[in-house]
Amino acid sequence: MIAGAAALVLAGVATPFPVETQLRRGAAIQPLATVAGGDFVFGAGVSARRDAGFPLSGLTGDLYSYAALHAAYGFADRAVFEITGTLASVLRVESAGLEPPAPVEGAGPGSRLTDVGDFELAVTFLPGRLGGLRFGGYLAAKLPNATEASGIGTNTTDVTFGGAGAWGGSEWQLTWRAGVSILQVPAQVFEQSDVFAYAAEWLWSPAGSVRVAVGTRGLANTRPTVRVGTEDTGEALLSGEWRLGNWVLDITGGRGYTTRSGSWTAGAGVAYRITNN
Numbered sequence: 630m631i632a633g634a635a636a637l638v639l640a641g642v643a644t645p646f647p648v649e650t651q652l653r654r655g656a657a658i659q660p661l662a663t664v665a666g667g668d669f670v671f672g673a674g675v676s677a678r679r680d681a682g683f684p685l686s687g688l689t690g691d692l693y694s695y696a697a698l699h700a701a702y703g704f705a706d707r708a709v710f711e712i713t714g715t716l717a718s719v720l721r722v723e724s725a726g727l728e729p730p731a732p733v734e735g736a737g738p739g740s741r742l743t744d745v746g747d748f749e750l751a752v753t754f755l756p757g758r759l760g761g762l763r764f765g766g767y768l769a770a771k772l773p774n775a776t777e778a779s780g781i782g783t784n785t786t787d788v789t790f791g792g793a794g795a796w797g798g799s800e801w802q803l804t805w806r807a808g809v810s811i812l813q814v815p816a817q818v819f820e821q822s823d824v825f826a827y828a829a830e831w832l833w834s835p836a837g838s839v840r841v842a843v844g845t846r847g848l849a850n851t852r853p854t855v856r857v858g859t860e861d862t863g864e865a866l867l868s869g870e871w872r873l874g875n876w877v878l879d880i881t882g883g884r885g886y887t888t889r890s891g892s893w894t895a896g897a898g899v900a901y902r903i904t905n906n
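Counting from 630, one number per residue, gives the positions in the sequence shown under our numbering.
The set of hints was computed from the structure by calculation and includes no laboratory data.
The structure displayed is predicted, hence computed values, not measured ones.
Every residue gets a Cβ at the ideal spot worked out from N, C-alpha and C, and that includes glycine.
Among the clues, some could well be false.
Simulated restraints, written as ranges between beta carbons of each label pair [to be verified]:
no., residue 1, residue 2, range
1, 704, 884, 29 to 35 Å
2, 876, 798, 22 to 28 Å
3, 849, 897, 48 to 54 Å
4, 706, 869, 42 to 48 Å
5, 853, 876, 31 to 37 Å
6, 738, 899, 50 to 56 Å
7, 738, 837, 21 to 27 Å
8, 837, 905, 16 to 22 Å
9, 875, 821, 24 to 30 Å
10, 666, 853, 42 to 48 Å
11, 705, 888, 37 to 43 Å
12, 836, 897, 32 to 38 Å
13, 724, 837, 45 to 51 Å
Turn these sequences into a full structure, and let the hints guide you.
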């Protein structure tokens with residue numbers, strides 16, 4: 630029995646790993662070009678972000694996320710529904726600004742703040758085709774769990790929508806989206822700010838059980854006056870995956886290029902995936 634189980638594991642490792650049939654935990658955007666209905670992935674991970682900034686509370690520090698959950702389901706061909714969220718976030722404060730809009734009592738260098746992370750629901754679909762190009766749309770809603778009282782979250786409900794596209798095949802794939810995020814301005818009643826939202830990811834499968842992804846995602850506020858809590862976000866990401874049967878181990882490193890996104894980020898996780906192909 631042990632020999633049989635080992636043979637199954639080795640067979641899973643040796644099986645080709647086509648990018649179009651494997652949804653990804655933590656993807657900037659899923660590789661949608663030929664996702665089949667019934668494809669599914671569920672995973673959890675941990676991450677650390679250095680020098681993350683929180684303008685609303687005026688705090689800066691290292692943010693640690695535990696039990697970062699991600700589920701993605703192909704409810705039709707080239708159409709994916711996703712849920713992402715973090716069960717626990719911890720901020721180790723390094724500095725505190727003077728007179729922030731939403732100060733946190735007792736927060737200062739060396740203090741530690743905890744909260745639940747925000748959750749997001751998203752749908753991406755690519756029904757159109759022009760040669761090798763697939764195109765469609767994207768819709769997402771961020772549901773607030775973190776609150777400004779904790780110093781970490783903004784306690785806002787934000788909606789993002791726009792277009793999406795993909796190009797590629799079984800060995801590599803480039804997927805992207807661009808559109809508008811309607812951000813609720815924190816601590817302001819019935820006030821919103823529209824910003825440009827984007828994400829892109831290039832996914833490559835150099836070996837049967839290994840994949841590499843390079844991506845970026847963020848928000849860009851183009852208004853002349855930027856409200857606190859609606860500042861730019863942005864990070865460049867590099868990740869790798871190793872498949873072992875239906876299980877996938879992943880590691881990610883990133884570089885933030887805005888204050889809110891911090892300087893560096895690193896994370897790791899595990900996911901279980903099912904493919905319909």
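Results of checking the hints against the structure:
1. 704 <-> 884: 29 to 35 Å: About 34 Å separates the Cβ atoms of residue 704 and residue 884, which means 29 to 35 Å holds.
2. 876 <-> 798: 22 to 28 Å: Distance hint for residue 876, residue 798 holds at roughly 25 Å.
3. 849 <-> 897: 48 to 54 Å: Once the Cβ atoms are compared, 29 Å apart, the range 48 to 54 Å for residue 897 and residue 849 is violated.
4. 706 <-> 869: 42 to 48 Å: Violated, since residue 706 and residue 869 (Cβ atoms, about 27 Å apart) do not stay within the stated range.
5. 853 <-> 876: 31 to 37 Å: violated (49 Å)
6. 738 <-> 899: 50 to 56 Å: The hint (50 to 56 Å, Cβ to Cβ) is violated, given that residue 738 and residue 899 are roughly 34 Å apart.
7. 738 <-> 837: 21 to 27 Å: violated (49 Å)
8. 837 <-> 905: 16 to 22 Å: At 19 Å between Cβs, range holds.
9. 875 <-> 821: 24 to 30 Å: violated (42 Å)
10. 666 <-> 853: 42 to 48 Å: Holds: the Cβ-Cβ distance is about 45 Å, inside 42 to 48 Å.
11. 705 <-> 888: 37 to 43 Å: holds (39 Å)
12. 836 <-> 897: 32 to 38 Å: About 20 Å separates the Cβ atoms of residue 836 and residue 897, which means 32 to 38 Å is violated.
13. 724 <-> 837: 45 to 51 Å: holds (47 Å)
When held up to the earlier numbered hints, the structure conflicts with 3, 4, 5, 6, 7, 9, 12 and fits the remainder.
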